[in-house]
Structures are given as structure tokens and as C-alpha cells.
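With chain G held as given, fit chain B onto it using these hints.
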Amino acid sequence: MLVLAGCAGLQSDRVRFDGLSGCPGQTAAMLAARQSQYGPLSDTHTLECALTVLRDSQDPALRRTSLGSRLSLHLAEREANPDRREKLAAEGVSLAEAALAQGADDDAAVHYYLAANLGLAVREHITLAMDNLERLEGAMKRALALNPDIDHGGPLRLLGALYLKAPAWPSGIGDLDKALELLEKAVNKHPAHPLNHLFYAQALWHEGDEAGLSRAKAEFTQGEKLLAEGNWGYSKESWKKEFAEFRQDLENGL
Amino acid sequence: MRKTYLIIAGLLASLAVTAAPAPEMIVVCYPGGPVNTRDAQSAMGSMLRVVERVGQWPENRFDSLFTSKIDECRKQIAEKKPKFAITSLGLYLELRNPHNLLPVVRPRIKGRTSERYRVVVQKDKYKSLDELKGKNLGGTVLAEQSFIGKIVFAGKVDPAGFFVLQPSNQAIRALRALDKGELDAVILNEQQYAGLSSLHLQTPLEVVFTSEEIPLMGVVANSTTTTEEERARFGKALEQMCTDSEGQKLCDLFGVESFNVVDAAVFEPMVKLWDEGS
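These protein sequence lines map, in sequence, to chains G and B.
1140 is the number that this note's numbering gives the last residue of the first sequence; the numbers go up by one with no jumps.
973 is the number that this note's numbering gives the last residue of the second sequence; the numbers go up by one with no jumps.
Think of the hints as simulated: they come from the structure by calculation, not from any bench.
Quick caveat: nothing in here was measured; it's all calculated off a predicted structure.
Heads up, the beta-carbon is just placed ideally off N, CA and C, and yes, glycines get one too.
Heads up, a few of these hints could be off.
Said to hold, decoys possible - Here are a few chain B residues that face chain G, going by a calculated C-beta distance under 8 Å:
1. 737
2. 741
3. 887
4. 945
5. 950
Unchecked claim - Which stretches of chain B does chain G cover? Using the computed rule of at least three CB atoms under 8 Å from a CB of chain G, they are:
6. 867-873
7. 888-899
Only chain G is shown next, with the shape it has when bound in the complex (with noise of 0.2 Å):
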């Protein structure tokens, strides 16, 4: 049984990267300059090296930037064991929430991980994650408003999931025509992402029609297309994955 603690029902221990060694001398000052290189292609222990880092250092500069929750979700998505991956997410949305409180609000960025770093924590969660849907609404939101381009469209990627995924109306705020308008735009606007064409693909299906399930079948082939052949480093593993679930899914038909 998972011990669920903290302001939103999320774990409040954090995970420990046993036999860390080998990690570059770093300081704040280097992370914060260095921190648009770390990212999906990034190696496991580097990602590690530099949360080790983040984690002792209370550089309000450092601790105001979008980073410490970004390596939160990295190894949060890589990471194989469900107890674990869902401490790591947790730890980004208590990082982002200090990026918040050390004045960041009008970082897109701060909002988007955090907001993604939720959904992970809480997704196989069904009470936690119906007590967070609005919380991660207005994550999502003010992502959306502040940048909507960030990590290829990430904000209306992940919005439109969310409309997609929740309760419809009116036991909550699932809402298909919302999530097509804003992974249709997602696709238009970054069509070199993967994730945007399958949850399109998504939306689509849940159309319920003939039409909608052909449209589906299109944005699936094109996201999967893009997957084999970009460079999406740690990322691509789990994204396969979702893409072959969905794979069954248009196979069964409607």
C-alpha cells in the first residue's frame, strides 16, 4: 500500500540514487547556466548528478527556474518501478511549487512540469487523481496562457489529454470537443512530435464514427512514423508504450 502524504496527496519522501558517484563538481551557479542541456537524450546519471545538486542547494535563482521539476519528470518518465516513479513525479511538483513560491508564476514552464509531473504522480490514482483534475486544469491553463509552445506544444498537448482522459460532463470536466480543438492545434502548430499525433489520434477515435476512426488511423501512423525515426533519446520507451496500447485499442475497433 502506498503511503500518500502531503498538500496534494502525493508521497513526500523522495528517492534515493544509491551509489551516486562519479558526478561532475557542480555548483547552482554552473546547473542554472548549464540547465537548457539537459533534457530526454541526457543519461540517467547525469540527470541524477544534477537533482543531487538541486536538491541541496538553496540558490533562490536556481530554485526559481523550471529545472528541478524538468529532471524530475525525466527520471520520472524513464524510470521502470511505479513506487519510485511516481516519488520522483511528486518530488517535481514540490520543486516546481518552491520554483512558485520564489516568485516564478509567470514562468510558463514552471507550470507546464509542474502540471506534468502531477498527472504522472497521480494517474494510476483514480480518487487522488479526480481530488488534483482541477489543480492540474489550472496548471495546465496558465501554462497555455503564458507559453503554449514549450517542449513542441506541451501545454496544449497536455491540456487537451486532460479533456480527453477526465470524467465528462457532467460528473466533471472531460470534454471532447475541447480536447480536439487543442491537440488538432497542437498537431498544426508542432507537427514534429509524436505525442501530440497520437493523442489527436485519441480524440479522434472517441469521436465513436467511421470518419473520426479513419482520421485516428492517420495521425496514429504519422506519430509512430516520428517516433522510429526522431532522436527522443530516454522518452522513447515509454512513448512506444503508449502508442502500442492505443495500437490495440484501433484494432478493436470501434
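Frame of chain G, contents of chain B only:
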């Protein structure tokens, strides 16, 4: 030789003790619903784990098979012959004789164990149901046309002959179409009608038809494959679910205050209407 028999008997005995029985399949039917099957399966799984715990069954004693497609539901109930199922009232009325279904529990939602259906139109556009003859009627509940005709309209209106039906799996989409004048009317269940105030529609709506009170349906059992004791135990576990700390969150999620054991007699007026409409 006797020693060999003992070893084999011992092995078989240990197998009998350790082999877990196959989970009891519960078919869950939600006709016309917009629910994602995978997510719904996950929610049902969470609910069944609570039911198993409060009913003192071993974990994973039950499994669920969810569908929002009415034909798929008929097929699964015929093929899997589940001991228990969660169905709409329409499916219960249709399948009760061929599958010997008996109601076990029904939900209580906002203090009520029954609901009314309503037909809504743009204000002042139509004054009565009669004026909607030949007009477009939308709604999620149209997935069960026989139920709408025989029970909601009490056999007085044949939906397919009276309206031009525009079924939808998204209630909000049907209401937006009504708002834009693309539909003439939408039929809503109680939960959808109660949610209207949360929508920001451009045009005010009004009700031109309200059904009689119709009992809510919950869990049914196959009376030939379950014993009275099994039905009572399952019903009691469901009754306890919403008072359990974890179960309460799931009940909130489904919008249900509690599940209450129900007597089949409650549904007799509906059975009569259904049979008269055959």
C-alpha cells in the same frame, strides 16, 4: 506403490490449496456512455478491491468487463453468463427473463433512488412534445430506444417513428448543438438535467416533457447461478462500500451516496410497462 499414491495425493492436495480460483467476472454495461473502457476498467477494479475487502473475499476474487456498447453488453452477458452484472434499467428489463436477472442493490444519488427524464428545447421555440413530431432529438440516453419509448414515454411515443433521432455519446455536445439550433430538442437524465446550470449556454432552455419517477438500477444477479446467500453477501458488501474510507472516495467519484439492497417488487411497475410495450 502406496507411497507413490501418497506423494501424488499430497501434491494434488497442495495444488488444491494453493491454486486460486478464476476470478468471478462481473459484466458492467453503461450504454451510451462516453467512458474510456480502459479507464473505466481501472475504476471498476478499484471498486471491486474495496468490495472484496469489506465482503471478506480474497483479493482479485472478482474481475470486471466494461462496455458502453449495448450490443456488446448483450453478447457478454450471453457468453460469460456472469453471476453479477451492473446494468441500466433498460438492459435489466430486456434481459431479466432470458438470463434470470434479479436486482440486488440500487444506488442512492442526492437522496433519491429514482429519477425523471426530461426533454428540453430552446425557450419559447416549442410548447409541447407534440410540436416536436418529425424534429431532431439528441441525447446520450437514445442508445436505449426501447427503454425511452416503453418506460420514459410510458409507451405513448415511439421515439424512432416520432422524432428524427440523433444519438450522441457526449451529452454536452448534444446540448451545444441545441444551443446553436442544430438540434430541436435533447433528452436528459436526472444527472444531466441537474448539471445544466454549470453550462454557459447562449440560449435559455425549457422543459417540454418530464417523465414519471423511474427507479435507478444498480447491480443485478443471475438467480439460477447464485444462491440467496451469495446475493445477500454481495449486496451487503456493496452497502458497506460507501461507508468504507477508501470506498467512499469511489462512491463520490461515481456520484453515489450509497448502495441499498432492493426488492425486485420495486421494479414491477417498470416490468409491466415494458411488457405492455412489447
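(request) Quick one: which hint numbers does this structure break? Sort them smallest to largest. (result) none
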